[in-house]
Amino acid sequence: MPVKILTVDDSMTIRSIVKNTLKEYDCEIHEAENGLLGLQAIIRIIPDLVILDITMPVMDGIEMLRKLRSSPRGKDMKVIMLTAESAKENIIEIAKLGVTNYIVKPFTKDQLMDKISGLVEIRKL
Amino acid sequence: MALYEMIRDTTKKVFSTMMEFELEEISDSKKITDTDEFWIEGALFFGGSVLGDFRIQMRESFAQKVASTMLGADMSSIQSENEVLDVIKELANMIGGNLRTQISASGLQCDISPPKAERKQNINHKVPSGGRFARSYFKHGMHYVITEIHLRPYKI
Chain A
1 MPVKILTVDD SMTIRSIVKN TLKEYDCEIH EAENGLLGLQ AIIRIIPDLV
51 ILDITMPVMD GIEMLRKLRS SPRGKDMKVI MLTAESAKEN IIEIAKLGVT
101 NYIVKPFTKD QLMDKISGLV EIRKL
Chain B
1001 MALYEMIRDT TKKVFSTMME FELEEISDSK KITDTDEFWI EGALFFGGSV
1051 LGDFRIQMRE SFAQKVASTM LGADMSSIQS ENEVLDVIKE LANMIGGNLR
1101 TQISASGLQC DISPPKAERK QNINHKVPSG GRFARSYFKH GMHYVITEIH
1151 LRPYKI
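Residue numbers (this note's numbering), protein chains in the order written: chain A, 1 to 125; chain B, 1001 to 1156.
The reader is advised that the hints may include incorrect statements.
[Unchecked claim] Here are some of the chain B residues that sit facing chain A, going by a computed Cβ distance under 7 Å: (1) Glu-1005; (2) Met-1019; (3) Met-1070; (4) Glu-1090; (5) Met-1142; (6) His-1143; (7) Ile-1146.
Since the hints were derived computationally from the structure, they do not count as laboratory data. Just so it is clear, CB atoms sit at the ideal spot from N, CA and C, and this is done for glycine as well.
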C-alpha cells in the first residue's frame, strides 16, 4: 500500500519540491496550504507522515502541531517540521511540541529523503 | 557580526544547496544594469531589537531559470508569473531565516516578516543612510544576483 504523505506549507515551491523528491516512490502526496486546512486533510486522509512548515497564514505549524498532539488520532502521528532557522533554542522549542524530526532550510533532496525514509517505510517504484 | 560575510555566505549556501548553482562573488556591478529587462525582487523585514530588511534581486530571465530548477520543471512549463514570484519569495524566506538565526545568535533578538516578491522595472542601488548595510553581487554564468541587508537599532 502506498505511503500517505501530507505536506502542509503555504509555499507552492516547497510543496512542489516535496512532490518532485517523492515522484519515484510509492506514495500518495496530499497538500494543504495552512494549518487549518492541514488538520481538515488529516481527518480525511489519515496520513502516515506530515511534513509541516512553521510560518503560515490562518494557522501556523506550531498551533497545528499542538492541536494534532492533543487529539487521539494525531498524538502519535509522525511529523517532520521544516524551518529556516537553525538556532538551538528554536530546535528545542520544536522538539518540546512533539515533532518527530525536523529539517532546516535550505536542504537537498537527499537530505529530505533521508528524513522521510527514516520515519516511514517507502519503496521506489 | 560581519554583515557582508554573513549575507555573502548565506546566499551562496542557499543557491548551492537548493539548486546546485555556484555563485561567483563579483565586485564590478556595472554590467548588472546594462539591460532594461525587468527585475524580480524578494524581500522580508526584521523586527525586534533591530529593524531592517533583506532583499534579493535578479533579472526576470534568471528568476525563471531559478524557478524551473527549484520546481524541477522545464523553463517552458513555467507559465505563470506567480510561480516565479513564489520561488523568489521562498528563496528570500530561506536566506532571511538563516540571517535571522545569525543576527539573533549575535545577541540582537528579532523576528522576520512573511516574505514578499514583486516584478519591478528598476531597483534602488543607493546605499541607505544610518544603521548597518551590506550588499553582495554574484554572477552565475551570464546572470547576476544581488542580495542586501540593512539593519538599524530599534529606538522609540
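Results of checking the hints against the structure:
no. : hint     : in the structure
1   : Glu-1005 : 17 Å, violated
2   : Met-1019 : 9 Å, violated
3   : Met-1070 : 6 Å, holds
4   : Glu-1090 : 4 Å, holds
5   : Met-1142 : 24 Å, violated
6   : His-1143 : 19 Å, violated
7   : Ile-1146 : 19 Å, violated
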